[in-house]
Amino acid sequence: MNPDELFLLVPQSILLGAAVLLMLMEPFSRQAGRRRLRMVAVAAVAVAAYALRLQWGLGPRSIGGGMIRVDGFSLFFQWLFLVITGLSAVLAADFNQREGIDRGEYYALLLTACSGMSLMAMSADLILTFIGIEILSLSTYILAGFKRRDIASGESSLKYFLLGSFATAILLYGIALVYGAAGSTQYQAIRAAAAAGEVPALLLPGLGLLLVGLGFKIGLVPFHSWIPDVYQGAPSPVTAFMSVGPKAAAIAALLRLLVEALPGLAPDWTRLLWLMAVLTMTLGNAAALVQSNVKRMLAYSAIAQAGYILVGVVANTREGFTAILFYLVVYTVMNLMAFGVVLSLSGPGDRRVHLEDYAGLARRAPFVAAALGVALLALAGIPLTGGFMGKFFLFGSAVKAGFVGLAVIAVLNSVLSVYYYFRLLVYMYMKDAPQGGAESISRPVGAILAIGVFLILWLGVGPDRFLALAGHSILGLK
Amino acid sequence: METLFFYLFGGIALLAAMSVVAQKKIFYSALSLIICLGSIAVLFLALEAPFIAAVQVIVYAGAVMVLFLFVIMLLDPFSAAAARDKRKRLTFLAVALGLVALAVLFTLMRAHDPATPPLAGEPPGGTDPVGRLGRLLFTRYLIPFEATSILILVAIMGVVVLARKRS
Amino acid sequence: MNPLIPLAVMALLVAGIVALFILASVFLGPGKRHPVKDTPFECGIPSEGFAGGRMHIGYYIMAMLFVVFDVELAFLFPWAAALRGLGWFGFVAMFLFIAVIGAGFAYAWKMGALEWE
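Those protein sequences? They're chains U, B and W, same order as listed. Going by my numbering, the first sequence opens with residue -17, and the numbers climb by one from there. Going by my numbering, the second sequence opens with residue -1, and the numbers climb by one from there. Going by my numbering, the third sequence opens with residue 11, and the numbers climb by one from there.
Treat the hints as calculated values from the structure; they're not laboratory data. One or more hints might be untrue.
Heads up, simulated DSBU-like pairs for lysine-lysine below, C-alpha to C-alpha not over 30 Å straight-line [said to hold, decoys possible]:
1. K42(W) with K22(B)
2. K22(B) with K120(W)
3. K382(U) with K460(U)
4. K47(W) with K23(B)
5. K23(B) with K42(W)
Computed far set for chain U versus chain W, every beta-carbon distance over 12 Å [unchecked claim]:
6. L(-2)
7. L3
8. M7
9. A177
10. S207
11. A415
12. I430
13. V443
Quick list of simulated restraints, FRET-style, between CB atoms [claimed, not checked]:
14. L106(B) with A177(U): 24 to 34 Å
15. L12(B) with L33(W): 18 to 28 Å
16. L13(B) with K42(W): 23 to 33 Å
17. R43(W) with Y26(B): 20 to 30 Å
Predicted, not measured: the structure shown is a model, and the values here were computed from it. Note that CB positions come from ideal geometry on N, CA and C, so glycine has one too.
Starting from the given sequences, assemble the full structure and let the hints guide the process.
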């Protein structure tokens, strides 16, 4: 390991160092010092982002004999995960103080989760991918159960842990089969083994089991059943983080695995993922129609959104992958906005999360209602928002790749989803408030919402710059 | 001499394994399992696989057994009278699956030709297999190795956060 | 001479002596039964309560921490075997690994996870 390689690992080292520091601050620092937990976490994210900025433009490199790839793809995802982690820390701070869970471990686990996600995007070896997934999963299991006094939080953590461990075991079995077939866990070696003459017999069942394991983390139907309960029970800031971070990380790992290690099996996995995409979109949207709990509705919405993203994977073209990266940015912004509002309004005990609680919100808190409105319009894919542009690129890439049927189903699903997003809008703008107290929202959350509105409109009107960035980022993927 | 060792510890492992299934009290089953795992560790040692033998003791007889005890503590098998009704059907299923496993193993042993090279990777090498493993761990697999320490750290935090007493 | 022969002789001797003692006490001992003698021996303390039911959370914390540090041990073994060839580099690599886990240990200790209520 030479200094050059160490330099490329600096951003992750900063995050992990800060995680250890935050963990030790809990027992070792005095009460007054502990108020600054959020600041330490955000500062670590900022410094790591700066260190990452220095790597931009260096050209693709690999570390540790091809174990880790530092290219546009992994830089893009490291950026995205840093943004998600930083925003999650800011969104969580006031909520955590209100609920009495503002502890050093919370932020430490956010940072380790960020590192796990980054490893998943950077890894070009199944062993490291697995360890990244495990670091992320363990961190989120604990975060989901962080509110120990709350029985829903405990249920969420236990369900996530039991089902997640099972999915991990299946993933590990898949890795073992692929290793047995290819004789190596390195992506390039697996690719070579599949390209040389006939495909080894064990590779196909290995691929299937890997898809089950990663599909669980993304939340693809039929491996989605944990999402509603876990999202509903976890503390709202944790739900906000889980709905964007781990999902994006699992998609990054899936893309690297399919495109770099298993391009030889493309006909097989496009067929499988085609079916999963259709099921995921349709089931997610159909179940979201009948929810009265906003967190649960957003959970089903997150399932459906993963289905849209999968359309780009099925297309299996540069355009499709570019669209995925673009849509992940939009999805992060709109989902974090929606959950930012939910966690600000949820009140003591994280209980006020029903549709009725949003009645007349436009009169009580016009700015908050407007911000949530923009996020919902974007999630529904209404023109002039980033959500529309993202879906346009995703479905367009599928049409160009010859998957017209899939694109039609996706568009029909989008139309269906308008119903439940608009129902929340109707509650906010058309119904009278049962009790008319003004809602208060913390200043950092307000700032995030304002920037979010701006970003969503910008991405919806002038997406060119972001699209070019996404297109540049996937050049490393090959 | 190796043959004697093989039959001695293979026999102990088999007897202990049967005791795991036959014991009425679940703690005796767990203790028998430790004996079984220990004997298998000796068999690995006889196969010149000292690392696997050590892992067998550290991870299986140590960590995995503790996890088994966890389940015993959680599920409270002493008051679970209802579970006894299901037992007959489960016994039948277990015997059937055991026979299938036996048939598969037998076929594999018949088909095995000692001259064929191993399916994947390099053959276990030389006089110092553990040292070779260590060198691999600290060269090619250095990054996963260091990442594992973070994984262990997260697990420690999980124990303290989720199970600590009231603060 | 095969190096395993002394080992086998010792194993046979150990098994023989143990069997001898057990059989001797079975045949030579008076073997009177008594309720006090039939209770399980718990280091001289009268056994108390029922083995089932809910377990104290402390057992789980101890057991989990044991598992975590036990797994760490599995990595030390190949490191020790390869250290001679690895030199300072191997030392630093293992030091980092232990330092991270040591931080976790300090944290668990200071949080009182190792104390029994």
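Results of checking the hints against the structure:
Pair hint K42(W) plus K22(B) holds up; C-alpha atoms about 27 Å apart against a cutoff of 30 Å. Taking the CA atoms of K22(B) and K120(W), the gap is about 42 Å. The hint is violated against a cut of 30 Å. Under the criterion of a C-alpha separation no larger than 30 Å, the hint pairing K382(U) with K460(U) is consistent with the structure, at around 20 Å. Of the supplied pair hints, the one linking K47(W) and K23(B) holds, its CA atoms being roughly 21 Å apart against a limit of 30 Å.
Using a Cα cut-off of 30 Å, the hinted pair K23(B) and K42(W) holds, with the two alpha carbons roughly 26 Å apart. The claim that L(-2)(U) lies off the interface is violated: its Cβ sits roughly 8 Å from the closest Cβ of chain W, which falls inside the 12 Å cut-off. Interface exclusion of L3(U) from chain W breaks down, the closest Cβ pair being 9 Å apart, not more than 12 Å. Listed as a non-interface residue, M7(U) fails to keep its Cβ farther than 12 Å from every Cβ of chain W; the least gap is roughly 10 Å.
With 12 Å as the threshold on Cβ separation, the claim that A177(U) sits away from chain W holds: the shortest Cβ distance comes to roughly 33 Å. Every CB of chain W is more than 12 Å from the CB of S207(U) (nearest about 27 Å), matching its label as outside the interface. Even its closest Cβ contact with chain W, about 44 Å, leaves A415(U) beyond 12 Å, as expected for a residue assigned away from the interface. The beta carbon of I430(U) is kept farther than 12 Å from every beta carbon of chain W, the shortest such distance being approximately 31 Å.
In this structure V443(U) is separated from chain W by more than 12 Å, as the shortest Cβ-Cβ distance comes to about 47 Å. Range check, L106(B) to A177(U): Cβ separation about 30 Å, and the 24 to 34 Å hint holds. Evaluation of the 18 to 28 Å hint for L12(B) and L33(W) yields a pass: the beta carbon distance comes to about 24 Å. Roughly 32 Å separates the CB atoms of L13(B) and K42(W), a value that falls within the hinted 23 to 33 Å.
The supplied range of 20 to 30 Å is met by R43(W) and Y26(B), whose beta-carbon atoms lie about 22 Å from each other.
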